[in-house]
Structure formats: structure tokens, C-alpha cells
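Letter by letter, the chains look like this.
2 protein chains.
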Amino acid sequence: MEYDLIVIGGGPAGYVGAIRAAQLGKKVACVDKERAGGTCLNWGCIPTKALLKNAAYQNFLKHADNYGFEIGEVKYDFTKIMKRSRSVSDQMAKGIVSLFKGKKVDYFVGSGMVHKDKSVTVTDSEGKTQKLVGRNVLIATGCVPKQLPGLKPDGKKVLSSREALAITEKPKSIIIVGAGAIGVEFAYFFNAFDTKVTLIEFMPSILPVEDVESSNMVRKSFEKSGIKVLTETKVTASEVTETGVKITVAGARDDSKTEVLEAESVLVAVGVQANLEGALAEDVKPELDRGYIKVNDRYESSVRGIFAAGDIIGPPWLAHVASHRATEAVEGMFVPGKQPHQVNLYPGCTYCDPQVASIGVTEAKAREQGLKFTVGKFPYAASGKAVAAGAPEGFVKLIIGEHGEILGAHIVGSEATEMIAEIGLAMNLEATTDELISTIHAHPTLSEMVHEASLASDKRSIHF
Amino acid sequence: MEYDLIVIGGGPAGYVGAIRAAQLGKKVACVDKERAGGTCLNWGCIPTKALLKNAAYQNFLKHADNYGFEIGEVKYDFTKIMKRSRSVSDQMAKGIVSLFKGKKVDYFVGSGMVHKDKSVTVTDSEGKTQKLVGRNVLIATGCVPKQLPGLKPDGKKVLSSREALAITEKPKSIIIVGAGAIGVEFAYFFNAFDTKVTLIEFMPSILPVEDVESSNMVRKSFEKSGIKVLTETKVTASEVTETGVKITVAGARDDSKTEVLEAESVLVAVGVQANLEGALAEDVKPELDRGYIKVNDRYESSVRGIFAAGDIIGPPWLAHVASHRATEAVEGMFVPGKQPHQVNLYPGCTYCDPQVASIGVTEAKAREQGLKFTVGKFPYAASGKAVAAGAPEGFVKLIIGEHGEILGAHIVGSEATEMIAEIGLAMNLEATTDELISTIHAHPTLSEMVHEASLASDKRSIHF
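Residue numbers (our numbering), protein chains in the order written: chain L, 31 to 494; chain E, 31 to 494.
For the record, the hints were derived by calculation from the structure and aren't laboratory data.
The hints are all genuine.
Each computed BS3-like pair below joins lysine-lysine, with the alpha-carbon atoms no more than 25 Å apart: (1) E/K56 / L/K489; (2) L/K276 / L/K200; (3) E/K113 / L/K92; (4) E/K57 / E/K124; (5) L/K264 / L/K186; (6) E/K92 / L/K110; (7) E/K407 / L/K134; (8) E/K105 / L/K92; (9) E/K110 / E/K92; (10) E/K92 / L/K105; (11) E/K200 / E/K92; (12) L/K489 / E/K57.
Here are the computed distance ranges between Cβ atoms for each label pair: (13) E/G367 / L/L54: 48 to 54 Å; (14) L/Q121 / E/R397: 32 to 38 Å; (15) E/T271 / L/S117: 48 to 54 Å; (16) L/R116 / E/E262: 45 to 51 Å; (17) E/M233 / L/K176: 58 to 64 Å; (18) E/E156 / L/D464: 43 to 49 Å; (19) E/K250 / L/T109: 30 to 36 Å.
Facing chain E, a subset of chain L residues (Cβ under 10 Å, in silico): (20) R50; (21) K79; (22) F108; (23) S353; (24) L375; (25) K415; (26) V417; (27) F494.
For each residue, glycine too, the CB sits at the ideal point set by N, CA and C.
Turn these sequences into a full structure, and let the hints guide you.
If you want it as C-alpha cells, here you go:
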């Protein structure tokens, strides 16, 4: 079996790259140990969004009287909630398999190992092997959750994001270590379903990559809803006990202030690390950087013909960045004259409530870089649509350069993750606030706030 | 009292124009018979959005078991639902009054009549008058609902959209005449709360200005949820009876096929007409066209110094178009060298479920105009975010010109009305599908479907 391209890994980098190559008329194989879709579709973005929809409904139910509803006893079947999440993943994963069929990508379930000659050995779960011959190989094996010493995931008391998506019983209490997007989303979910949540972050604010105003608004909302948030806090010891876990924490820079926290479970969400397990034969030694494959501007590793894309080439570890990188890598391989695009502009989203979405620099970063900028900000409370929908919490904040160009955008609130798309396009096209202002935004929508924040950067907001 | 600008009408054209002029350092008065905010804020866009949020929650409650919830008896207090909607309007209207204060617009409650010398007589509800002297006048008196013969709104059996927002009891059955955005939104709302709804439209499809695929999808969804939809149907007779209304309908082009419909109430939503009642003194006779004030490209009427903007200058009757027109008119008056912009590109939104949003040409219109185009379409059912949110109904459809430019966009489904903002910017900037494709859209979001539909127009959709 000879292929123009063999892709190892069937996640958002791998399957997208494989399909794109097939669309370009190439013969393509895609190999994944597990079912197609990768972490994102099976154990990340997609199943968590199903859970978060449940959490949003649960929070509505708690306040349904505000909307004129009188609701009898509300029960929920936690197993059913988790099952819905799994079934969404199941459905989407099946979708990928039929896409592979329809778009003529050969899909192999098994562990793929690349050899120096660009052949790939596929070993299935029963140990049977087959050899695929390739002209090019794209490694897209992604990342796996980082673990903490003494806290090996057991699916019950110790969870990574993966195990957290497969539990069938709701823990009464949970300690979440790490307040990045994953930790914050699970904190919101578990809290909605009345698990006692403690959220621990080493950095001074939760969602530390976000603008501090965004982080602060989410923290305030979390604390109001009963989540205990500890920032500038590190884990110094941990112990799995008969009934749960004991986590000893201390100040990030002050070991003397220790506290022992106990809970039924701990979720470790302290980031990810490169996953190359079994992917490279002994004679294949691409240059690595902290475990990640180093690539040139064509996404090619130091081994000619072996390319890499997605999380395995390092941060940002985002599905949409992974897909984009893989597309660029593949087009670079097969489209004559194509100069692959490097990713330096991408949105980031957290789907708790209020949602957080951002792109470009934060205000702090803009200051740090010595940029000349103004800030245009508009609150959800002044948006008719937000108030009508009962979602007056949030803001749109734009960081605007000297020439009216958009340097960054930070949105907190209902549908922030959809609204960021317009700013993404604006920044990609190097549009100015004048162009956002001259664009007629539908009334009443939340996206009007992008228009208003643009006006605000010039001190001429209408509705605030 | 001398003003640089006197605005008659405090709706989305009037109050926005007034605030903009004040921002430009002008002395400004705004006169409105009723409280500020106009139809949109008090009797249109805003209070309906509050009701539609209730309807969406009600529809969730009917299917809450799909999400793993077991909910006891659900009751709703219809009066409370209507009250929430009114209180949203109250809050936003108060907001406008404080904006007027903060931005130094003098606000007069009363009927404003403009004289030839640009003075305006304000007559309050008690008949007291005062005279304002102005250098320029902006007429922004908007429109009022059209009535049907024999169906004068009485607030109970016969409703216009205005009365429908003030009812305190839910009708058991309602006939809605006219399936534009207003009729369709009320049909969705009343049906959610178990009123028997019959929706009548003269044209072949509901939402007749929308792409026929959009209309068809909403119709299908409406019929599935129990709404009776009659298209190509006209009202030939109507009668208010002791218990409700009797409406006789016939085929739009076939008077012989008549049917008599009965219901507790009828909502007349057959469009709007110009509202100049009491606004013009006898000596002021601007040129009119079917009741609308004709304006030149500076939004000036045939009477020098008397400008007009908003619905009173004719279609499209949309709040966001009104605000834009008023801003342009005012900047044309007061910003040296400013050439006011004419509105020819604007989104249109309907907030039923599934939502409908569009901008630019429909497929039929593109064909009619002999344009060369391709269609790029992507279904919600293939979006991970849509499936995870339990909203797999809908599509994104782009009409793409020869050079990759976007001629039109039609979105049906969850958050369609937010997603249209990105396309609005794209069209305003004359962006191409290549530019939409090179923009990284966050995963998992609904807005990724804009990216996918762009790919689809080039037959290289990844996920479909």
C-alpha cells in the first residue's frame, strides 16, 4: 500500500490534514490508536460543550422564577447527562469516519510508527501489524494531560480531563488544580450540579492568559455562585485517602502559608505535554524542543519528508490552530508555489458562563510592549439584547492601535465565543475601527457591542 | 430656546441622531410624544426579544428530559412573562433618558410640530405648548402598524404588534395575518405557550424577503411544532364576534377557495405605514412618496434645513438602518466635508427558533439579476458545537460571486443573528471567501460554519 501522505493521529490536525490532501487528489492514509476525532472530539472540546449546555440549563432552572416560570421539583440524572455528552462525541466520531470514506482517506485503527524511509507500521490492539509505504508523513499525535506527582488518574478520585468526561457518579466535592480553560470549564460544570468546587491556580488570576479584566469578571461570578477560588497557590503535597484526596497547598511564593484541602476527587488540569509515544522508530530522530517536534516554515521536521502539525509542534494547544496548521502543511506539500502560512493570530475561548473569548494582545501585554493604544469598552448591561435575554453580565473590550487598527479584543459574556469571529476577520484583514463602525450591525444583537466598543475607543459610544 | 438641531421622534433614528449631534458639540433637542426609545425599544425589537427568550426556555422545558432533567409540573405565569418584557423596555427607556442627560440632549415629551422657519412647537399631553427655535430639524417620526379594514386594534380581540405586547391574558387561539418577521416571531412565541396559532401570508412563502430555503426551513419547523401555516392566502372578510374573531380567507389568486377561520384574537402584522401625524405645520410641505418623506443624498427633504431619517423615509424599516441613516444625516449636517453614506447593505434578522439572518441577495434574486455565482452551504448537523448544544437544525448558505466576493448570506439556526455580523463586515470590506478561509475561527463555535460554507463554495468543505 503506497500513499502520497500518511498521517499519524486522527485529531483536528490529523483528520483535517488527511482530508485536505485527499481533496488535492492525493492518496492518503490516516492512522489513529483510538477512534478518529482526537482528544478534541472525544475527550475535550466537544463533549465538554455538551456538559456545559447542561450546566447552563441547570443554572436557568435555578432562576426560572425570574422568567415567570413556576417549576416543581427538578431532578437530574447525572449518568444521563454524561451519556448525552458521550453520545455527542460518538455521533461526531462516526461522522469523521464517514467523511474519511466519502473523501477517500484510508483509515487505520492502530498505533502508527514512522520509519526513516517514511513507511509506517500500524499495530492494532491485538498486536497485528501492517506496513504502509508513504512519500510523506504528517505527525499529528497531539498532547496528553500533564500529571502531578502522586496523582495518577484512577478515574474516580484522581481525574484528568479525560477521566472527568467518563465518570458516572458526581463527586460531592472536587479540587481542580489549574484554572486554564479546562479547569475553569469543569469548575463551572461541577458547581452548576452542586458539587463543592475548589479551584486552584498558581498564577495571580484564573484564566491567566486572558486580559485581567476578563479573569476578574469570571472570578467574581464564580465566587458569587459558590466556587472557592485560590490563586497564587501551589500544590505542595497530595495524597489519595480511603474516602478521597488530600491536597496540601501553599502560597505560590510563600511556602509557610500552607493549607490542607480535602475532597472526594481531584481534577488535574495543569496543562498538556507532547505525545510521541510509539510514533517514532528508533532510526527516526527529528529535532525536538521540550518534547515537541521542531518544524521549519513548511511544517517539516529536521527529517526530510516527515512533517508535523497540531499540538505536537507546541503551543498554542488549540484545535482550530491545529487544523489550520495541518491544512497549511498539506497545501505546502502538494500545492505548487504554496508558501504555508504561520499561525500568529487566533482566538481563544472558554465556555463557562459568562463565556470568555479573546484574540490578539491583552491590555497588559500592549503596555508591556510599549504600544500606543486606546481602549474601547462597552458593557452588556447597556445592550438591549443582553438585557432582554437576561444576560446583562459582561463586556466587549477592544485594544486599538494608533491608526485605528485592532490589536486585541476581549469579550466576556453570553455568546462571546461567537462574537469573537467578527474581530478575527477584522484583524485578519487589518480592518480599522472606522470600518467596524461603518458596518451596520443588526439590532438587537450582542454583536452591536463590537460596533459600540469601536465607537467608545473614539469616545463616541452612543449607548453608554 | 435655540438649537442647532431639533429632532422630532425619539426612536432609533431620533435618539441616535440627537446624541451624535450633541457629541459633535451641537446644542440639540429631542422631542417625542411618548417616552424615548421609539417603537423599537418600547413596542418592537426589545420587548419581543424578552418574550422570545421565554419561549426558548419554555421549549427547552418541554424537552428537558433529552438533557437528563426530570422536571415536575411546569407552570408559567403569563402576566409575569409579559411584565418581564415590559420591565426590560422600562429599563432601556430609562437608559435613553439618562443618556440624553449625560450627553447633553434636551429631551421634551410632547408632540412636535415643525414650522417653515425650523421652529418646533411642542404640545404636551395637557395641551401646554412651548416653542423651540432650531437651525436644523431632523424628522424621525417613524411608522405605525398598517390596519386591515374592519379590524381596528382593541387590545383584546384585535391586536397590532403594539397591543400584543401589552396583553395580560394569553389567547387560547390566535390568527396572525402577515408572516414577515413580526408575524413569525409572535407565531413562535404564542405557539410555545400553547396558543393555537394560524399564520396567514399572501406571498408563496413565510418571511417572503428571505431566501426560500430559509423560509422553508422555518415553515417546516413551525408546522412540526403545531402552527398552522397558510401561504398564498388573503383575507377577504373579517368580523369581530362576541367570543373572538372570524376571518374569511381565500387563495391569493383564487377567490373561490374560501375558508372561515375563528379564533379568540387576531394579530394584524401586515406591515407599517409612514407616521407624520401632527409633525408638519400647514406651511411645511416636503415632497412625499406614498406618505414617506423624500430625501436627497444628504437626507435633506425638499424643504431646506428639514432633514429626515429612519422609517419615515421608507424601507427598509429596520432599527439598525434607522440609526445609521440618522448618524449619517447628522454628520452630513455638522461635519465639514462629510458626504453622508447611503444604506444599501444591511442585515435582517428574525428571532424565532430556528433564527433567521440574512444580508445581500437571495439565491433567487442573484439568478433574477443574471449574476454569475456559486453557493456554499454547510448544515448545522455537521457542526460539533451545534450538536453539543442540542441545536442541529439549520444551515449557513453563502452566495459567492465570480471573484470570490460575497453577494449574500443566509443563516438559519441557533445564534444566526449573531453570526451574520461577521458576514456584514466581510461584505462591507468586500472581502472574499479566501479571506474568510484564511481567518482562523475558534473551535468549537457555530461561526466555524461560515468558514466551512466558504470552503464549500469551492467544493472543499472539510466537515461535510
